[in-house]
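With chain A held as given, fit chain B onto it using these hints.
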Amino acid sequence: DTAVSQTPKYLVTQMGNDKSIKCEQNLGHDTMYWYKQDSKKFLKIMFSYNNKELIINETVPNRFSPKSPDKAHLNLHINSLELGDSAVYFCASSQVSPGQGAYEQFFGPGTRLTVL
Amino acid sequence: GDSVTQMEGPVTLSEEACLTINCTYTATGYPSLFWYVQYPGEGLQLLLKATKADDKGSNKGFEATYRKETTSFHLEKGSVQVSDSAVYFCALSGSTSYDKVIFGPGTSLSVIP
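Going line by line, the protein sequences match chains A and B. Just so you know, the first sequence maps onto residues 54 to 169 in the numbering used here. Just so you know, the second sequence maps onto residues 29 to 141 in the numbering used here.
Isolated chain A (complex conformation) (with noise of 0.2 Å):
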């Protein structure tokens, strides 16, 4: 059983273009997450939705646009897209409980954008 998991896994377009990623998890976690990792394998966080509700929106330009449709789901859509959008998108889950220590995150195998 894959625990979170995204669609695509390989992503190749053109400029210009709009493209959406799903992810889900079957964990029964509260909140999700949205990363973006560059070549360098520098990790950043582009969002976060607790109970499909918006908690982290880092600094992204807005052609981005998460959306939760239920706590098992957060997508990630993407306008106009841009060279520099190239990158491997991991989307991620856990349960978050304030004052109740250390929690772990799970994240998803990751989906490859090539922006042509």
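Please note that a few of the clues may not be correct.
[Stated by the list, open to error] BS3-like mimics (lysine-lysine), calculated; alpha carbons at most 25 Å apart, straight line:
{"hint": "1", "chain 1": "A", "residue 1": "94", "chain 2": "B", "residue 2": "88"}
{"hint": "2", "chain 1": "B", "residue 1": "84", "chain 2": "B", "residue 2": "105"}
{"hint": "3", "chain 1": "A", "residue 1": "120", "chain 2": "B", "residue 2": "128"}
{"hint": "4", "chain 1": "A", "residue 1": "89", "chain 2": "A", "residue 2": "72"}
{"hint": "5", "chain 1": "B", "residue 1": "84", "chain 2": "A", "residue 2": "105"}
{"hint": "6", "chain 1": "A", "residue 1": "93", "chain 2": "A", "residue 2": "124"}
{"hint": "7", "chain 1": "B", "residue 1": "128", "chain 2": "A", "residue 2": "105"}
{"hint": "8", "chain 1": "B", "residue 1": "105", "chain 2": "A", "residue 2": "94"}
{"hint": "9", "chain 1": "A", "residue 1": "89", "chain 2": "B", "residue 2": "128"}
[Said to hold, decoys possible] Computed Cβ-Cβ distance ranges for the label pairs, DEER-style:
{"hint": "10", "chain 1": "B", "residue 1": "67", "chain 2": "A", "residue 2": "65", "range": "39 to 47 Å"}
{"hint": "11", "chain 1": "A", "residue 1": "165", "chain 2": "B", "residue 2": "58", "range": "30 to 38 Å"}
{"hint": "12", "chain 1": "A", "residue 1": "112", "chain 2": "B", "residue 2": "69", "range": "27 to 35 Å"}
{"hint": "13", "chain 1": "A", "residue 1": "165", "chain 2": "B", "residue 2": "38", "range": "18 to 26 Å"}
{"hint": "14", "chain 1": "B", "residue 1": "84", "chain 2": "A", "residue 2": "111", "range": "26 to 34 Å"}
{"hint": "15", "chain 1": "B", "residue 1": "107", "chain 2": "A", "residue 2": "106", "range": "42 to 50 Å"}
Think of the hints as simulated: they come from the structure by calculation, not from any bench. The beta-carbon is built from N, C-alpha and C at its ideal position, and this holds for glycine as well.
Chain B in isolation, oriented as in the chain A frame:
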């Protein structure tokens, strides 16, 4: 703000060599500390964690001790294997918000036979 610093890679070791990857952090409050590992072509997965000072996390032969006095959480393994080749990320959470995890820049490890 909170931050995590790791030793720069890439690190190349021969099989059965000892490994240390340094990690230091800056945080207010009392964060939890983590090491994540990313094998080629995969997502990150938790390797070990420690939630309070002097705790030692361990898994798969790897260890790290939460040192509050030196704000460090160095990753160690006594004898590495080729299968340990991966990128290792030090991370913290829970300093001021449990919603966010701060990741270090990652250290790439290659183990050669």
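Which of the numbered hints are not met once you compare them with the structure shown? 5, 6, 10
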